[in-house]
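*Asks:* Dock chain U against chain F, hints included.
Listed in order, the protein sequences are those of chains F and U. Mapping of the first sequence onto the working numbering: residues 6 to 413, in sequence order. Mapping of the second sequence onto the working numbering: residues 6 to 413, in sequence order.
Watch out, some of these pointers could steer you wrong.
For chains that are exact copies, the list does not tell them apart, and a pair is met inside one copy or across any two.
As a list, the in silico DSS-like pairs of lysine-lysine whose alpha-carbon atoms are at most 27 Å apart [unchecked claim]: (1) Lys308 <-> Lys215; (2) Lys215 <-> Lys36; (3) Lys133 <-> Lys112; (4) Lys132 <-> Lys112; (5) Lys112 <-> Lys92; (6) Lys215 <-> Lys194; (7) Lys92 <-> Lys36; (8) Lys199 <-> Lys377; (9) Lys36 <-> Lys199; (10) Lys92 <-> Lys331; (11) Lys92 <-> Lys371; (12) Lys215 <-> Lys247.
It is worth saying that the hints were derived from the structure and are not from the lab. Given the structure is predicted, the values throughout are model-derived calculations rather than measurements.
Number of protein chains: 2
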Amino acid sequence: MINIVVKLDAENLSTPEKIGEMAKRLIEEKKFGRNVVAVVPTTDLLNGNVQQLTYSLSDTPSERELDVLNSMNAHLASSLLSIAIQKRGFRAVSLAGWQLGIQTTGKVNGNARIEEINGDVIIEHFKKGAIVVVAGGQGVDENNNITLLGNGGVDTTAVAIAASINASRVEIYTDRDGVYTADPEIVTKARKLKDITYDEMLELAYLGSKIVHPRAVELAKKFEMPIVVRSSTENVRGTLIKGEIEMEKNLIVRGVAYETDIIRFTVGYESFENSSLSNLFNTLAMHNVNVDIIVQAVIDEVKPTISFSIEKEGLAKAVKVLEDNKESLGFSFANFEVGLAKVSIVGSGMVSNPGVAARMFDRLRKENILVKMVSTSEIKVSVVVPQDDMVRAANALHDEFNLADELV
Amino acid sequence: MINIVVKLDAENLSTPEKIGEMAKRLIEEKKFGRNVVAVVPTTDLLNGNVQQLTYSLSDTPSERELDVLNSMNAHLASSLLSIAIQKRGFRAVSLAGWQLGIQTTGKVNGNARIEEINGDVIIEHFKKGAIVVVAGGQGVDENNNITLLGNGGVDTTAVAIAASINASRVEIYTDRDGVYTADPEIVTKARKLKDITYDEMLELAYLGSKIVHPRAVELAKKFEMPIVVRSSTENVRGTLIKGEIEMEKNLIVRGVAYETDIIRFTVGYESFENSSLSNLFNTLAMHNVNVDIIVQAVIDEVKPTISFSIEKEGLAKAVKVLEDNKESLGFSFANFEVGLAKVSIVGSGMVSNPGVAARMFDRLRKENILVKMVSTSEIKVSVVVPQDDMVRAANALHDEFNLADELV
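Here chain F stands alone, though its shape is the one from the complex:
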């Protein structure tokens, strides 16, 4: 009997009716002869009520108690889903993070990290024939305080559990039916991929694809755990994320990603001696400003500038950090530009195919799209362009690299 881990979508647990439908779907998997673990995210069920109670008591509740309160929601949903499964004549059991022995660190940048997980607990429930329903995204630290895994924590829980019980795969149920060559909402010819490598998926994830969190993809890569991204409502084939893809001979670019609301900061110095990349970016990091692309331009020998991009949310903070630290950072001017977007192409074939970036820039020039910043890695090229040109850029690149072709 094979073990599978299914990560559920919050939307599919938002009403008793939907919980009932999800119970049926998990029972179908069980009937196929599979041992099933379902990993449940935080849902909207009663979440608003808890938030309201909490903030009526204090504007600044402690992080420890917020974690306690937030952890209850997924636990509640896991118990309700178990009841819905039992109602249909199958065994089910809900488990909170602590019941699974999910040991974590304390908070690191607001998120706890999984250190250990005890798969035996699940195996024992499998032996009794139960579908195991786990509250995702939570664990306990060394002092038995409840901890939350933060962004991507539910995906990560699913992969970590799969590794601990030697599952044959993790299935991510989502409102998409797989991973696409580009966002179908903006690139009309976008096509669903049959498979994609961990590295490509990682780039796509970091570049704004919301389907699987990069933390989970990284963990899956480490344990060589296959991930299937599939629809939570329709029973259609999804996209397989795995280590290597056969038949990738002719494939250079595998997908186009985009991110809106990028802001470009430019900081200028009077002389090269005053400028210090490490000073600047350490100060920004200390104040939790997340910097993405960095470009150092030495316009002439005496007046260097440094440009970097951030997301919209960080704007006010970045401005304040630069103002507060103007003296110690030693720059002579700083400004920022809004109304930008990032468009990226991703593909592990790039490594052995020089000229991909050039082909990208060439196409964008033909489309009269101005490239404001560039960033490259082994398997992706990102450009920052005016946001008004973003959709046109994504479609053009999708076309340029023949992503609509069935071969890809």
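*Replies:* Below, chain U without anything else, positioned relative to chain F:
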């Protein structure tokens, strides 16, 4: 620094405002230089919503998942109360049963029993200056399943914690301001007791007083842990429950208790040989009919009868059990009488004062109150009387034993 454990009342945690008031009161205790543990019961906060969600999924949710869902409410309340304390500038930390290492049995008659508790967790939080807020009435079994302690579980949690941290006392916050010689609502001259022994309190508790659950009193007696019953809203002296009471020379009866809606069954046999107490009461127990008073009357040598009393809730079940088992139990007729009540007098002085029961019967006879059944123990006498006479009986007995006098 002394340690105290306070058991809170659900009513005082039913709104954010009341939670805030309770936080203030606990902070007052802390300011007095005491280490404080607050034990929180299940409240109405969101309880209705959870129940509604649960039963919209299944009419018969499994007991395991019901325990999971029900345990969340006290945990929620403990976290919210912690936040309200923090808001006022004091440290506080919420703990669920499992975080305290409250190890329990599995269910025995629907309730789990505490086997072990780890006081060190609380002591560590005391060292950091925190008020510890515990979700009462819950623990975990040997497989880390959440268990509920059932009726009286919150009181019992408070006493068990007090024993584990060597507390100087347990305070039970309630809507009464102490233990009374009788229910002030029916006995006009009822008076608050300064103190009462564990044994007397046990009898009162078993006889229907709802203030402290007998399970908790029994545990307190075992560990010689003083309990103070006091008002949750007013800062007035309550009643101390302890091992022995000084100055009890002249005290015979300490309180009057009552219970309404008692039903008396009478079962008649053709011959003494056919009648079997053990057969009858084993059969009733097997079907979970709780029998209270039992009277065996041998009216003449050949036609014995057995009478027993039960609470109203058990009527339908008792009738069915007798019908279903008429043949094997061998009785010739069975009937029942409704509209009865039980009135009891309690006092550890009775042991060494013969004639108390006689004095009770005498007074009831003078009041023209018919006694239908009698049951005695070392420190109490109970009589079953017509319910219409109950209030009169309670007042008469309160008067007969001078319970209104200050000396008592």
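*Asks:* Now look at each hint and say whether the structure bears it out.
*Replies:* Against the structure, the hints come out as follows:
no., hint, result
1, Lys308 <-> Lys215, "neither (40 Å within a copy, 83 Å between copies)"
2, Lys215 <-> Lys36, "neither (31 Å within a copy, 50 Å between copies)"
3, Lys133 <-> Lys112, "between (35 Å within a copy, 19 Å between copies)"
4, Lys132 <-> Lys112, "between (35 Å within a copy, 22 Å between copies)"
5, Lys112 <-> Lys92, "between (38 Å within a copy, 22 Å between copies)"
6, Lys215 <-> Lys194, "within (20 Å within a copy, 72 Å between copies)"
7, Lys92 <-> Lys36, "within (16 Å within a copy, 51 Å between copies)"
8, Lys199 <-> Lys377, "neither (33 Å within a copy, 83 Å between copies)"
9, Lys36 <-> Lys199, "within (26 Å within a copy, 66 Å between copies)"
10, Lys92 <-> Lys331, "neither (64 Å within a copy, 36 Å between copies)"
11, Lys92 <-> Lys371, "neither (61 Å within a copy, 61 Å between copies)"
12, Lys215 <-> Lys247, "within (18 Å within a copy, 63 Å between copies)"
Checked against the numbered hints given earlier, this structure breaks hints 1, 2, 8, 10, 11; the rest are met.
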